[in-house]
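As a plain string of letters, each chain reads:
2 protein chains.
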Amino acid sequence: MGGDNAPEEVVAGAVAAVREHGARLVLVGQAPRIRQQLDLHGVAGEIPIVHADEALGMGEGALASWRKPRSSVAIACHLIRQGRASALVSAGGTAGVVATSRLRLKGQQGVMRPAIAVALPTRPRPTVLLDAGATSDVRPETLVQFAALGTAYAEITTGLQRPRVGLLNIGSEPGKGDKVTRKAYELLSSGQPGIEFVGNVEGDQLLSGVADVIVTDGFTGNVALKTMEGAVRMAFGELRASLSSARTARLGAALQRRQLRELRDRLDSETYGGGVLLGLNGTVVIAHGAAGARGITSACVLAQRLAAGAIVDRIRDHVAATRTSRFRRQHGEKEQPDPGQP
Amino acid sequence: MGGDNAPEEVVAGAVAAVREHGARLVLVGQAPRIRQQLDLHGVAGEIPIVHADEALGMGEGALASWRKPRSSVAIACHLIRQGRASALVSAGGTAGVVATSRLRLKGQQGVMRPAIAVALPTRPRPTVLLDAGATSDVRPETLVQFAALGTAYAEITTGLQRPRVGLLNIGSEPGKGDKVTRKAYELLSSGQPGIEFVGNVEGDQLLSGVADVIVTDGFTGNVALKTMEGAVRMAFGELRASLSSARTARLGAALQRRQLRELRDRLDSETYGGGVLLGLNGTVVIAHGAAGARGITSACVLAQRLAAGAIVDRIRDHVAATRTSRFRRQHGEKEQPDPGQP
Chain A
1 MGGDNAPEEV VAGAVAAVRE HGARLVLVGQ APRIRQQLDL HGVAGEIPIV
51 HADEALGMGE GALASWRKPR SSVAIACHLI RQGRASALVS AGGTAGVVAT
101 SRLRLKGQQG VMRPAIAVAL PTRPRPTVLL DAGATSDVRP ETLVQFAALG
151 TAYAEITTGL QRPRVGLLNI GSEPGKGDKV TRKAYELLSS GQPGIEFVGN
201 VEGDQLLSGV ADVIVTDGFT GNVALKTMEG AVRMAFGELR ASLSSARTAR
251 LGAALQRRQL RELRDRLDSE TYGGGVLLGL NGTVVIAHGA AGARGITSAC
301 VLAQRLAAGA IVDRIRDHVA ATRTSRFRRQ HGEKEQPDPG QP
Chain B
1 MGGDNAPEEV VAGAVAAVRE HGARLVLVGQ APRIRQQLDL HGVAGEIPIV
51 HADEALGMGE GALASWRKPR SSVAIACHLI RQGRASALVS AGGTAGVVAT
101 SRLRLKGQQG VMRPAIAVAL PTRPRPTVLL DAGATSDVRP ETLVQFAALG
151 TAYAEITTGL QRPRVGLLNI GSEPGKGDKV TRKAYELLSS GQPGIEFVGN
201 VEGDQLLSGV ADVIVTDGFT GNVALKTMEG AVRMAFGELR ASLSSARTAR
251 LGAALQRRQL RELRDRLDSE TYGGGVLLGL NGTVVIAHGA AGARGITSAC
301 VLAQRLAAGA IVDRIRDHVA ATRTSRFRRQ HGEKEQPDPG QP
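From first to last, the protein sequence lines stand for chains A and B. Sequential numbering of the first sequence, starting at 1, is according to the UniProt record's numbering. Sequential numbering of the second sequence, starting at 1, is according to the UniProt record's numbering.
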């Protein structure tokens, strides 16, 4: 029920995910409206529906998670907790979806804070940037855990054995950055089992493919992601203006219209799937609010893939291997005693 | 002596600033090499030279400011302290120039931390983003002061009476962001004399012109700026690849080559002047290390303009007007007693 185009485009995208990718889905929301849409696609009865009275509004933030215990997102979380679903997909507003899922699914054991992972359109394979906005205030240990979350995500989505992890920073050398980032660099470069740390990555390298996973706090990550979107949009806007301004150029523009559209599609945020909220007891894929059927289909396929890869278990193992021991002590988890110790 | 193209391009740019813009300059560096360049331009003897034995290397950071007390940047700072210059321009590495100027010029009274202001290529006039990397760890009061610094800078460079100030954040509503940004929003929206606060600005609005000044910490600002540069570079790279890949498109590409180059020049970081270090007892314009003569000329013209606008005095007045009183108390400055008080 979330997003600008629900339920029409959402149902259309879900139907395509079932038909073309063999996804197994449950649709959660206002049953009569969803059934009507399924009828239009001629698949009524083939895709199960779970009714939910309410839906989160696009502008609703954290409070909605308490006010609307029977929103479609809350019900979908309930299905995950019951073991009837492995992941959920929503095109609802990020703040409401994140707050509801955190409340209903809870953080998975050992994970300090959740993070939103986003796949940047680099070549030959996407680069995972996290956190894109779930956790603004972090500690150095949180960033180490984000490296573990991102490694698990990249392993499943790219098939890489040891994805390279970079730390978003304002210089390439050690000692650069703010206090939290400097300390995170120390922790990561001192060697974290299972994490292939390759050092600092600067803003202009986000799209260069120098790392498979790039770690930062949710404030910086969100600003960087939106800055990237705005800059690409501006570059294409300027290009359009430039192409139509010169008479000789207009011919060329006509010839290139198709190439330009394809290119913009690839770079446009709506086409590279949604963000994925990691670190909870269940995977939450947040599609773009303006996503059309195609965007919803890719979000469903991504959710299916992450569930098939057992992302929650993989995160648990990766996080357990990291040396974020201060956190372990503070949260009452005992360190493994050294068996050689008397 | 700084930058990739010193002294050739630096001297050429300085000569153009004198000839075409009536700038009054002193060249600081290795006198024989500078004199040789001036000879080539036929202006030997017309532009004064102050000799400096040493120069900061491009990779040198904060330590260089102590190790090289007679670097060209250190000598230029000395000229400012003596009142023989009003501002300095360098194409040297940012870390070394910032560290040397902070050590030699010292922070101006009442200013907690310096900030680097950069002009983003928005229309119809540039948007000032600060801090682009001088101060990574900030307090809310520091961001209020950055708003004062940016206001002073925008008033002089754009001629606006009340430039609109935005706070870089991860949502438009109050209450968004990390702890420091949330508190800074409170301070700014409670009304700061002389600052026209217009609210939060998101990453994708940096180039939209919704504010004349955008304030953030040096970590986020540096990441955002470099992300923007990387995204624009990538968009044009993709465009080039796309244009040459399709046979029908190749003709168009030939027709548009000039338009594309002009557009890229406008967006390219080297052409929109350098960053300006604000908040010290003297203005420091940091040109891009790869700047050619044209970049150096615009940096000199910018320095001249800021000095003519008495930027240091204007910053002092703007900062004094802000309500960053906790800072005043902590630094032993007495609040003005209320004359109506018994």
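I should point out that these hints are in silico values taken from the structure, not numbers from a laboratory. Do not take every clue at face value.
As the list claims (entries may be wrong) - Derived EDC-like pairs (lysine to aspartate or glutamate); straight-line CA-CA distance at most 20 Å:
| hint | chain 1 | residue 1 | chain 2 | residue 2 |
| --- | --- | --- | --- | --- |
| 1 | B | LYS106 | B | GLU155 |
| 2 | A | LYS183 | A | GLU173 |
| 3 | B | LYS68 | B | GLU46 |
| 4 | B | LYS183 | A | GLU173 |
| 5 | B | LYS179 | A | ASP137 |
| 6 | A | LYS179 | A | ASP137 |
| 7 | B | LYS106 | B | ASP313 |
| 8 | A | LYS106 | A | ASP317 |
| 9 | B | LYS183 | B | GLU173 |
| 10 | A | LYS68 | A | GLU54 |
| 11 | A | LYS179 | B | GLU173 |
| 12 | B | LYS179 | A | ASP178 |
| 13 | B | LYS179 | B | GLU155 |
| 14 | A | LYS179 | B | ASP178 |
| 15 | A | LYS183 | B | ASP53 |
| 16 | A | LYS183 | A | GLU196 |
| 17 | B | LYS106 | B | GLU238 |
| 18 | A | LYS183 | A | GLU229 |
| 19 | A | LYS106 | A | GLU155 |
| 20 | A | LYS183 | B | GLU173 |
| 21 | B | LYS183 | A | GLU54 |
| 22 | B | LYS183 | B | ASP137 |
| 23 | B | LYS183 | B | GLU196 |
To be verified - Just so you have them, the derived chain A footprint on chain B, three or more residues with Cβ under 8 Å:
| hint | stretch |
| --- | --- |
| 24 | 108-120 |
| 25 | 161-168 |
| 26 | 221-230 |
| 27 | 290-300 |
The structure presented is a predicted model; accordingly, all values stated were derived computationally and were not measured. Every residue gets a Cβ at the ideal spot worked out from N, C-alpha and C, and that includes glycine.
Results of checking the hints against the structure:
1. LYS106/B - GLU155/B: The hint is violated at about 24 Å.
2. LYS183/A - GLU173/A: 13 Å, holds
3. LYS68/B - GLU46/B: 29 Å, violated
4. LYS183/B - GLU173/A: 31 Å, violated
5. LYS179/B - ASP137/A: 7 Å, holds
6. LYS179/A - ASP137/A: 12 Å, holds
7. LYS106/B - ASP313/B: Roughly 15 Å separates the two Cα atoms, so the pair holds.
8. LYS106/A - ASP317/A: Holds, at roughly 18 Å.
9. LYS183/B - GLU173/B: Measuring from Cα to Cα gives roughly 13 Å; hence the hint holds.
10. LYS68/A - GLU54/A: 7 Å, holds
11. LYS179/A - GLU173/B: 27 Å, violated
12. LYS179/B - ASP178/A: 15 Å, holds
13. LYS179/B - GLU155/B: Violated, at roughly 30 Å.
14. LYS179/A - ASP178/B: 15 Å, holds
15. LYS183/A - ASP53/B: With a Cα-Cα distance of about 37 Å, the restraint between LYS183/A and ASP53/B is violated, given a limit of 20 Å.
16. LYS183/A - GLU196/A: 17 Å, holds
17. LYS106/B - GLU238/B: With a Cα-Cα distance of about 45 Å, the restraint between LYS106/B and GLU238/B is violated, given a limit of 20 Å.
18. LYS183/A - GLU229/A: 29 Å, violated
19. LYS106/A - GLU155/A: Cα-Cα ~24 Å, so violated.
20. LYS183/A - GLU173/B: 31 Å, violated
21. LYS183/B - GLU54/A: 34 Å, violated
22. LYS183/B - ASP137/B: At roughly 15 Å apart (the allowed maximum being 20 Å), ASP137/B and LYS183/B satisfy the hint.
23. LYS183/B - GLU196/B: 17 Å, holds
24. 108-120: Check failed, 0 qualifying residues.
25. 161-168: violated (count 1)
26. 221-230: holds (count 9)
27. 290-300: violated (count 0)
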